[in-house]
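Novice: So the chains spell out like this:
Number of protein chains: 2
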Amino acid sequence: MPVPRHDADATVAAVGEHALIERIRARAGVLPDWVTLGIGDDAAVLEPERGTLDVVTTDSLVEQVHFRRDWTLPAAVGHKALAVSLSDLAAMGAAPRASLLSLALPPDVPLAEFDGLVDGFLALAAKTGAPLVGGNITRSPGPLVVDVTAIGSVRRRRLLTRGGGRPGDELFLTGELGGAAAGLALLEASRDRATFDALDTDCVHHYEWPDPRLRCGQIVAHSRAASACVDLSDGLADAAGQLARASQTGVVVDAAAVPIHPGAAAWAARTGGETLPLALVGGEDYELLFAVSPRHRRKFLAAARACRGLVLTSVGRLRSEPGQWLSRMGQLEPLGSGFVHF
Amino acid sequence: MPVPRHDADATVAAVGEHALIERIRARAGVLPDWVTLGIGDDAAVLEPERGTLDVVTTDSLVEQVHFRRDWTLPAAVGHKALAVSLSDLAAMGAAPRASLLSLALPPDVPLAEFDGLVDGFLALAAKTGAPLVGGNITRSPGPLVVDVTAIGSVRRRRLLTRGGGRPGDELFLTGELGGAAAGLALLEASRDRATFDALDTDCVHHYEWPDPRLRCGQIVAHSRAASACVDLSDGLADAAGQLARASQTGVVVDAAAVPIHPGAAAWAARTGGETLPLALVGGEDYELLFAVSPRHRRKFLAAARACRGLVLTSVGRLRSEPGQWLSRMGQLEPLGSGFVHF
Numbered sequence: 001m002p003v004p005r006h007d008a009d010a011t012v013a014a015v016g017e018h019a020l021i022e023r024i025r026a027r028a029g030v031l032p033d034w035v036t037l038g039i040g041d042d043a044a045v046l047e048p049e050r051g052t053l054d055v056v057t058t059d060s061l062v063e064q065v066h067f068r069r070d071w072t073l074p075a076a077v078g079h080k081a082l083a084v085s086l087s088d089l090a091a092m093g094a095a096p097r098a099s100l101l102s103l104a105l106p107p108d109v110p111l112a113e114f115d116g117l118v119d120g121f122l123a124l125a126a127k128t129g130a131p132l133v134g135g136n137i138t139r140s141p142g143p144l145v146v147d148v149t150a151i152g153s154v155r156r157r158r159l160l161t162r163g164g165g166r167p168g169d170e171l172f173l174t175g176e177l178g179g180a181a182a183g184l185a186l187l188e189a190s191r192d193r194a195t196f197d198a199l200d201t202d203c204v205h206h207y208e209w210p211d212p213r214l215r216c217g218q219i220v221a222h223s224r225a226a227s228a229c230v231d232l233s234d235g236l237a238d239a240a241g242q243l244a245r246a247s248q249t250g251v252v253v254d255a256a257a258v259p260i261h262p263g264a265a266a267w268a269a270r271t272g273g274e275t276l277p278l279a280l281v282g283g284e285d286y287e288l289l290f291a292v293s294p295r296h297r298r299k300f301l302a303a304a305r306a307c308r309g310l311v312l313t314s315v316g317r318l319r320s321e322p323g324q325w326l327s328r329m330g331q332l333e334p335l336g337s338g339f340v341h342f
Numbered sequence: 001m002p003v004p005r006h007d008a009d010a011t012v013a014a015v016g017e018h019a020l021i022e023r024i025r026a027r028a029g030v031l032p033d034w035v036t037l038g039i040g041d042d043a044a045v046l047e048p049e050r051g052t053l054d055v056v057t058t059d060s061l062v063e064q065v066h067f068r069r070d071w072t073l074p075a076a077v078g079h080k081a082l083a084v085s086l087s088d089l090a091a092m093g094a095a096p097r098a099s100l101l102s103l104a105l106p107p108d109v110p111l112a113e114f115d116g117l118v119d120g121f122l123a124l125a126a127k128t129g130a131p132l133v134g135g136n137i138t139r140s141p142g143p144l145v146v147d148v149t150a151i152g153s154v155r156r157r158r159l160l161t162r163g164g165g166r167p168g169d170e171l172f173l174t175g176e177l178g179g180a181a182a183g184l185a186l187l188e189a190s191r192d193r194a195t196f197d198a199l200d201t202d203c204v205h206h207y208e209w210p211d212p213r214l215r216c217g218q219i220v221a222h223s224r225a226a227s228a229c230v231d232l233s234d235g236l237a238d239a240a241g242q243l244a245r246a247s248q249t250g251v252v253v254d255a256a257a258v259p260i261h262p263g264a265a266a267w268a269a270r271t272g273g274e275t276l277p278l279a280l281v282g283g284e285d286y287e288l289l290f291a292v293s294p295r296h297r298r299k300f301l302a303a304a305r306a307c308r309g310l311v312l313t314s315v316g317r318l319r320s321e322p323g324q325w326l327s328r329m330g331q332l333e334p335l336g337s338g339f340v341h342f
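Heads up: the protein sequence lines correspond to chains X and A, in order.
Sequential numbering of the first sequence, starting at 1, is according to the numbering used here.
Sequential numbering of the second sequence, starting at 1, is according to the numbering used here.
To be clear, the hints were calculated from the coordinates, so they are not data collected in a lab.
A few of these clues could be false.
[Stated by the list, open to error] With the C-beta cut set under 8 Å, the calculated list includes, among others, these residues of chain A facing chain X:
| hint | residue |
| --- | --- |
| 1 | Ala-44 |
| 2 | Val-56 |
| 3 | Val-62 |
| 4 | Leu-159 |
| 5 | His-222 |
| 6 | Ser-223 |
| 7 | Val-230 |
[Unchecked claim] Computed footprint of chain X on chain A; a stretch qualifies when at least three of its residues, placed anywhere within it, have a C-beta under 8 Å from a C-beta of chain X:
| hint | region |
| --- | --- |
| 8 | 90-96 |
| 9 | 128-139 |
| 10 | 160-168 |
Glycine is no exception: its CB is placed at the ideal position from the N, C-alpha and C atoms.
Given the sequences, and given the hints that come with them, work out the whole structure.
Specialist: Shown next, in the form of structure tokens:
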């Protein structure tokens, strides 16, 4: 079916569901050979990879809760909607295979914004090997909701879960924390991006264009050096707590060891706030937290070195005594929980 | 983790995301052995069925567009949200294996309504073998959005698609049409269900509690007697048009042959309206439309007899001449398209 031409000022309501799907299909590009059937039938059909397990996750971004249409490029919304689901696959050690995009669209969304969102999604889908194979479009009287399902695969012996940690395991974190929370705070304080310095801009980039740690998740899974893994959608405190709870252990996070994004530190210094909470309960740093047994430490560090461009930092330890603690200046205090969604 | 107790008058915002997930997990019951990992990790993990393809689909219901919270039992919303995705699997000949539920929740939704929705979803999930293995919960300032991903499997040689039809194929439809559209019209005219007669009530039931034709889809797929299949979310005109377009054929639907739900006929008679449009463009009858080559007709009818309790009716034919037509009183008129979502 030819793609109908529409004025970029047209709204999605004027274009209609079928034409919107055709616009997506026209942009979706060539599908890999494991996609038996992509966009356009009642469902997508994938050829399973021999000897692997299917890994499936879904996540959504809601306008006004997770993004503002007037603050952010539509492409960043599409990128991030896919990135947060891919981050879940990364935490399982899985390789992406396909994605589904379900949109609840206010009728006044301009076609140019729709196209931008789809393009941001498809660019990350192409880069990560998660081709868009299906989805759904419906109108909504409410906020724009972007719901993404990501599908991946992993060999059974390489599967990482939250629940495999043991007392004594060391916790290793990818990257630095607080950047995304500082980026959001910066945008809340000023929409004039021209006033942001390089560190500010990097924080905003962290917040808007998260980079799911797929490669590192797969490298560590392949090494079989980690006993458990979780991703950090809601901050380090929440992630460490989830991993410990699932592993039926206690946990201590070492405050002094938590790697802080320099832009987050600069933001905190400028506003007279504390830095650590940005890392502990500031959400949206899509990093990975691994638990590593002492006897696999060397193997893990070798795998970590292969995660090029990504520093892994030891930030704490699982232990048999129950409870979730933050160790600060030699004292234990409650770790608290993460970013609260309600 | 123990399920915290909450007053049924409490709102979902008062309960919080983690506790809501625990409530779902506590209700989700025992998982089949192909589910390696269900609710509670970063992603769900499924063991693929040897020799089959993965079939994946996503669909969503939006409050005020697809349902009204004040008209409908929460359990019906949960049921229907899953049913419409399962209907897509049915149209591919696939057997369900798992489901994911993603909710965008207004904070004032009472906990009892949340529980009701989840229970309606889980009851159908249990009945159809589509256990809930994961999902997402987020708050939203807007309407309740229920997004469902359904995952199934089918053997490659049994896969039904929209695009396999050939000129000369006969079109067969499950069930009767117009019931759901009449049910919606009845609810729009009166919310006093006590005034509905048995036919009215059956129409409303069709609208609120659609029964995905999974068994019939699988029986026909197993027989390999159909060349193509599509489900009828948006009416017969849209479905026949989609099947013909994907098969690169024309199509003629025989107006006199279209099976009409008696409640739809009664509603049309009472309101002085036409019956046929309820069937052709009235959406939400989740029936299946099969294309059947003349040389497989006997095999198809044998398979159809095995779809117990479900009548299959010949309603038209694919043809090489392009165009989508309705044959009425010996005249061809344009078939038109289906229910418009925007």
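Novice: Does each hint fit the structure? Answer for all of them.
Specialist: Each hint tested on the structure:
Taken as an interface hint, Ala-44/A checks out: its beta carbon lies about 5 Å from the nearest beta carbon of chain X, inside 8 Å. With a cut of 8 Å, the hint placing Val-56/A at the interface with chain X holds, because the nearest CB-to-CB distance is about 5 Å. With its C-beta approaching chain X no nearer than about 5 Å, Val-62/A sits inside the 8 Å limit, and its interface hint holds. Interface hint status for Leu-159/A: upheld, as the beta-carbon distance to the closest one in chain X is roughly 6 Å, under 8 Å.
Checking His-222/A against chain X: minimum C-beta separation of about 17 Å lies over 8 Å; hint violated. Restraint check, Ser-223/A versus chain X: the minimum CB separation of about 19 Å is more than 8 Å; hint violated. Using the Cβ-Cβ criterion of 8 Å, the hint placing Val-230/A at the interface with chain X is satisfied: the shortest such distance is roughly 6 Å. Residue count for the region 90-96 of chain A with a Cβ under 8 Å from a Cβ of chain X: 3. That meets the three needed, and the coverage hint holds.
Counting residues of the region 128-139 of chain A whose beta carbon lies closer than 8 Å to any beta carbon of chain X gives 7, which reaches the threshold of three, so the coverage claim holds. Counting residues of the region 160-168 of chain A whose C-beta sits closer than 8 Å to any C-beta of chain X gives 3, which meets the bar of three, so the coverage hint holds.
This entry does not satisfy hints 5 and 6, going by the numbered hints stated previously.
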